[in-house]
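J.: For reference, the chains in residue letters:
Number of protein chains: 2
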Amino acid sequence: MTATNTTTETTTEEILAKPLMQELVKQIRGQDSYGTYRTWSDELLLKPFIVSKERKRKISVDGDVDLVTKARIMAFYRAIAARIEQETGLLGQVIIDLSHEGFGWALVFCGRLLVVAKTLRDAQRFGFDSFEKLDAEGEKLLQKGIDLAKRYPEVGNI
Amino acid sequence: MTATNTTTETTTEEILAKPLMQELVKQIRGQDSYGTYRTWSDELLLKPFIVSKERKRKISVDGDVDLVTKARIMAFYRAIAARIEQETGLLGQVIIDLSHEGFGWALVFCGRLLVVAKTLRDAQRFGFDSFEKLDAEGEKLLQKGIDLAKRYPEVGNI
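From first to last, the protein sequence lines are chains A and B. All the letters of the first sequence, read from the start, carry residue numbers 1 to 158 under full-length UniProt numbering. All the letters of the second sequence, read from the start, carry residue numbers 1 to 158 under full-length UniProt numbering.
Since the hints were made in silico from the structure, they are not lab data.
One copy or two, it doesn't matter: identical chains are merged, so the pair holds either way.
Mimicking DSSO-like on lysine-lysine, the simulated pairs with C-alpha atoms at most 27 Å apart in a straight line are:
no.	residue 1	residue 2
1	K150	K26
2	K70	K26
3	K18	K144
4	K70	K118
5	K144	K118
6	K150	K118
7	K70	K47
8	K118	K53
9	K58	K118
10	K144	K47
Next up, chain A with everything else stripped away, as it sits in the complex (with noise of 0.2 Å):
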């Protein structure tokens, strides 16, 4: 677990060990029926999350959002949902609603409180730079939604 160099930089393994990583992962693995993934290390798993700018522009934005891109964008915001029960005890649903143009909303409730709102655009292309912008970009909706849920429970309780 320890860096062998004396920098700062956070290694993947622990970005990986963090706990919306190692939720999303669950995630994952819970949808894993037939064991596909059971020798599978977490950083592959998480491996297909990780679309560099230049794959992005190859992916074409003009058909509908593939069935695997919307299961992983799908498990993204469940483990921010399972995230936030843990932090404040919300069940939460989550929403994602694509057109056919890759665009949409990505929604997580919790009674009449959205504690996530995100609209998606060219959905076709989902995914991040590297594992630390994905955990990045999860933590900064995950927090935003345990502060709204926090605010306004009695909202949320609903």
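Fit chain B to the supplied structure of chain A, relying on the hints for placement.
T.: Leaving out everything else, chain B in the frame of chain A:
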């Protein structure tokens, strides 16, 4: 406009003149780019929202929800959102999220407040017993939405 008898029954004309029904008419006419409905009465326009129990039984819930039915559900919740805006000043976003099996959610949200959150099932059979029921069901959702918006204006304005 006056009923020919002296009972307290509401006439269809009176129901169709109600604000929510008029808003629903407006939603449909607004989508009528080719002027197909220009010569249609409001009653004829809203007739497809009335589906008898008998007819419902004959509609299969196995396949996808067809586009016309989906558009009808959308118009209904958009009309509610428009009425909420008129009453509270809060602009609402409407999302209809349906699985291939006709299950899902109808959501209207203002800011981070879900003013309407209704689970849908057998959406292939979307419809109401009568114009009176159509208005009453819509009004029930509407009043609850206005209530929430007035109780939590801060959340609605985020």
